[in-house]
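2 protein chains.
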Amino acid sequence: MQVARATIFDVAQRANVSIKTVSRVVNREPNVRDSTRQRVESAISELRYRPDQSARNLASHRSHLIGLVYDDPAAYELPSSGYIIKMQEGALRACRAGMNELLIHPCDFRKKTVGAELKALIRDARLSGIVLAAPLSNMPRIVRAIESTNTPLVRLSPGSVITDLPTVVTNDREVSAEMVRYLAQLGHTDIAFITGDPLHEAVADRFLGFQDGLAQSGLKMIKRFVIAGDNSFRSGEACARKLLQRKHRPTAIFAANDDMAAGVIRVAGRMRISIREQLAVAGFDDITLSRQLDPALTTVRQPLARMAEHAVAMLANHSEHSNYECVPATLQIRESTGPAPVKH
Amino acid sequence: MQVARATIFDVAQRANVSIKTVSRVVNREPNVRDSTRQRVESAISELRYRPDQSARNLASHRSHLIGLVYDDPAAYELPSSGYIIKMQEGALRACRAGMNELLIHPCDFRKKTVGAELKALIRDARLSGIVLAAPLSNMPRIVRAIESTNTPLVRLSPGSVITDLPTVVTNDREVSAEMVRYLAQLGHTDIAFITGDPLHEAVADRFLGFQDGLAQSGLKMIKRFVIAGDNSFRSGEACARKLLQRKHRPTAIFAANDDMAAGVIRVAGRMRISIREQLAVAGFDDITLSRQLDPALTTVRQPLARMAEHAVAMLANHSEHSNYECVPATLQIRESTGPAPVKH
DNA sequence: GTGAAAGCGCTAACAC
DNA sequence: GTGTTAGCGCTTTCAC
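Protein sequences, first through last, are from chains A and B. No gaps in the numbering here: position 35 of the first sequence is 510 in this note's numbering, and each next residue is one more. No gaps in the numbering here: position 76 of the second sequence is 551 in this note's numbering, and each next residue is one more.
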């Protein structure tokens, strides 16, 4: 079946040029006359020539392999792995566009050995670039390990940007403030916040945004309405219990991610507190679960696919892109938020 | 920074053998004296030698690249993408063990062009093997397209196995029967079933298992208690509404997947029907959501990671494995099922 | 602008 | 058991 593939020699022969010229055309190098280029190009398409990556890599000493490194959901039974699919989707799109391949590498960031593991990965797989997802991207130890190999690196959502490393973020802080202003406009004044995993800096920015939003709405933060969660569904439940058992309870709860917000909804349901009528709940991320909850969750849609796409593009084509890219997130208003209950 | 990598020549020199002998050791070929092998192996580890994949591939005309092809969740806002992460996890594990690399390829099975798309993928990426997930694995058109390229293929959960192609399955039918027997033992006699996506054959096997289970428990199937869903959360809700609005309603509902079971739980909640006390609900898959529901869902745990691992191992090492592997699923009894309500 | 020749690091085929 | 040699299909260097 399998017909022998055309090689660069076949193309050269057919176009009546040397293989070097074909190589120039394929690699978009200068110094080729237009008429020559066209001849070569038609030969390429007639023969359906595709350069052999292995030969290319071997001769050029570079791989066209980009590594996507993220926290391993299998290591902790992470609740919502949908964000990984989103990242992969975007990264894949950019890889195809840039003739690159994608190597996925989930890893357990709690292990002391991640740094060494990533160095070995870079070495063994000869990665030509790495996209590092949060929270790995905000861990200096890990970032430094990768930097020490001189492999091009783009960080995804590293939170407060300290270095001048190539970075793609979303506007966690601004959009969180926007959510708070939205709640305030609905008449809410007693707004609680459930903070997320302290190791995850981008999530910490959401808390800053919460404070901004309160200030912008002329509200002040009520200390006992700020409770520490850890991004998990369970922690959302625990925090909700603490908040809702009080005599004076908040009329709105903004959780730093959707999983925790889902926990809030579950607990409120059990306590027979009506979401939306008696309690507004908002989350962050827009995971699939948020549409399956009852009521559907008001949240922030994080453009993860486009962020990952940008990151790979920065790697593949560093000249045309800036060092820092912000892909804005947007409010997704659904059913879990409504006007504040009137006080009696 | 980057120290020059050791090549096969360096190793040969250090071990005082020819490069061919090093190659033999690396590739686990026979005909090497034990003492020689050991000398070579210590040279390899002293020099931290890792064979160059590109050179290897180029010389051997094989790529060591395995493609994992599955339905693209981005194409339909598929509810639970967790199963993909699980498959990737297992496939990745087997790839590392076998010195292979993994290329992930989500694709939209409803497009007429998938066959051509996969052929192009195989050609361009020079895949040395493909693992095809359900429901793509039960679509003759797609399977034939891949077969026509002579690329080794392993199918994951293709449902009723018609051909002798290498296949990895789980015991959908048997374990579904087991679930029904479990419900019957709890005293349930009016058990409803919500069928899944008709394009997905492995899911159809679950319905067969449902019938087996009834028969084994001396129960007969009640036609009006069998309702057609399509694997989606929404369809689970719709089916539940139909089932529960009747004057004579089932005391247990077994849905062909967890998403639909989640829909049942939501609807029952709205109708103030108490799950477990008044209605037992069971699902299939054990997606993350099933643990976050209230009450937590009784379901079937599908060993997707190990199935994918097996599939890749079959590809990498076809001699040592049989052509057909069944990794059994197991019941996960949680909170959503209990004794049948006593009749008044 | 274009081409010739020398590898890249490995495997395959065969010799010893 | 072990070694020799000739490529694999490309990029690189340098010559023209």
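No lab work stands behind these hints, which were simulated from the structure alone. One or more of the hints may lead you astray.
A pair counts as met if it fits within one copy or between any two copies, since identical chains are not told apart.
[As the list claims (entries may be wrong)] With a straight-line Cα cutoff of 20 Å, these simulated EDC-like cross-link-like pairs (lysine to aspartate or glutamate) come out: (1) K594 - E576; (2) K587 - D769; (3) K698 - D687; (4) K594 - D527; (5) K587 - D547; (6) K717 - D583; (7) K587 - E800; (8) K717 - E576; (9) K587 - D527; (10) K587 - E576; (11) K818 - E752; (12) K594 - E521.
Hints that the structure is at odds with (numbers, increasing): 2, 6, 7, 8, 9, 10
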